[in-house]
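**Q** The residues making up each chain are set out below.
2 protein chains.
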Amino acid sequence: MKTLLLLSGGLDSSILLYYLMEDAGQEVTAISFNYGQRHSKEISCARWFAEDVGISHIIVDLPRLGGSALTEPAVITNVHQSEKIPHGHYEDACMKATIVPGRNMIMLGYAANIAIANKMDAIAIANHAGDHAIYPDCREDFIRSMRSVLSPLEVLSPFCTFSKKEIVNIGWELEVPFGMTWTCYEGGKRPCGKCGACVEREEALPSCSW
Amino acid sequence: MKTLLLLSGGLDSSILLYYLMEDAGQEVTAISFNYGQRHSKEISCARWFAEDVGISHIIVDLPRLGGSALTEPAVITNVHQSEKIPHGHYEDACMKATIVPGRNMIMLGYAANIAIANKMDAIAIANHAGDHAIYPDCREDFIRSMRSVLSPLEVLSPFCTFSKKEIVNIGWELEVPFGMTWTCYEGGKRPCGKCGACVEREEALPSCSW
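In order, the protein sequence lines correspond to chains A and B. Counted from 1, the first sequence has number 301 at position 188 by this note's numbering; the numbering is strictly sequential. Counted from 1, the second sequence has number 180 at position 67 by this note's numbering; the numbering is strictly sequential.
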């Protein structure tokens with residue numbers, strides 16, 4: 114089966130890459146998106162992983178998405194005011210500022226276009242249960258809608274009901290080089306340790322553990 | 114209500130523009146997409162219509178979409194072979210070559226992002242019953258999925274169950290300047306008269322009638 118994996122370069126999608134590669138029947142290609150995220154350095158992590166496992170990697174530069182603290186104001190309209198990335202727990206209400214409206218739909222749409230044009234069978238995304246509280250486009254009903262819309266192309270979401278901790282445990286088993294992933298929303302030189310993404314990562318994968 | 118309308122510059126979305134403008138409660142903004150379509154000249158028709166009714170018009174340049182006879186091979190992968198635009202009736206099976214996989218999902222995703230970032234209430238699309246035979250992303254169940262995914266943003270699709278002929282009749286009533294719309298998939302100097310889009314238009318709006 115030929116599968117196009119949305120690979121951000123973060124923890125979940127990088128673990129999903131190794132998880133899919135374990136399945137001998139899978140022929141995986143990776144795709145990453147630059148949508149104006151402050152932490153676009155994650156894309157070079159994605160590239161590292163694609164090279165590590167020896168697969169093709171497509172990078173798509175999209176017009177900047179707005180409406181979110183994760184990006185600078187959208188160049189398209191110049192109306193949205195820039196927001197600071199909130200600090201706190203990943204499931205706190207303040208994390209709603211990190212939603213990028215429409216992002217997963219757009220990324221799955223592009224992945225589907227490329228997958229169908231290249232006669233692939235499936236696209237894969239690493240959304241998980243920890244995303245559900247804040248991000249509507251990571252929930253099961255979103256994936257269900259995408260499946261209905263994109264059929265007969267398959268939409269794989271094997272981590273959809275897993276906790277971050279469970280995903281990390283899979284990563285340990287597969288000996289994923291965690292140190293090469295990028296998680297922090299700030300995109301600074303070092304992880305800030307305070308944004309929701311850093312806090313969630315530290316809970317599932319304490320930095321003292323590896 | 115603030116609404117962002119997907120305005121291609123073709124017949125249906127141009128009529129929808131005037132239809133929405135008739136509703137005094139509507140504050141309409143238009144958005145058009147360059148996705149590498151051979152008939153990108155439709156975008157300047159969209160611009161003409163936005164200026165005619167005096168509303169803002171956003172043009173988004175997307176990375177070229179592939180997998181379709183409507184576009185050149187996608188620059189992203191260089192794998193898809195270019196196809197010729199098929200001639201015949203809009204509902205013929207050969208018209209499947211004009212499907213652009215994921216296109217409407219991506220366009221609605223971008224429209225939603227901009228609408229939400231700018232605190233608008235709705236996005237609008239002019240899909241109609243004549244599209245249903247060939248284009249999966251014009252059918253009612255597609256619109257239903259988009260509504261479920263983008264809620265609470267509204268997805269307006271007032272022509273979804275209308276035939277092209279019925280839409281044209283609305284256009285006559287609203288005195289839409291049909292001559293400024295662009296329909297032909299070929300995007301040449303003059304409409305080819307042979308592609309599915311031209312054939313369908315001629316059935317609903319015979320060129321001798323206006």
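A couple of the hints might just be wrong.
Intra- or inter-copy, both count: the list cannot distinguish identical chains.
[Unchecked claim] With a Cα cut of at most 35 Å, we get these calculated DSBU-like pairs of lysine-lysine: (1) 278 with 209; (2) 232 with 302; (3) 197 with 307.
Source of the hints: derived by calculation from the structure; they are not laboratory data.
**Q** For which of the previously enumerated hints does the structure constitute a violation, in increasing order of number?
**A** Violated hints: none; all satisfied.
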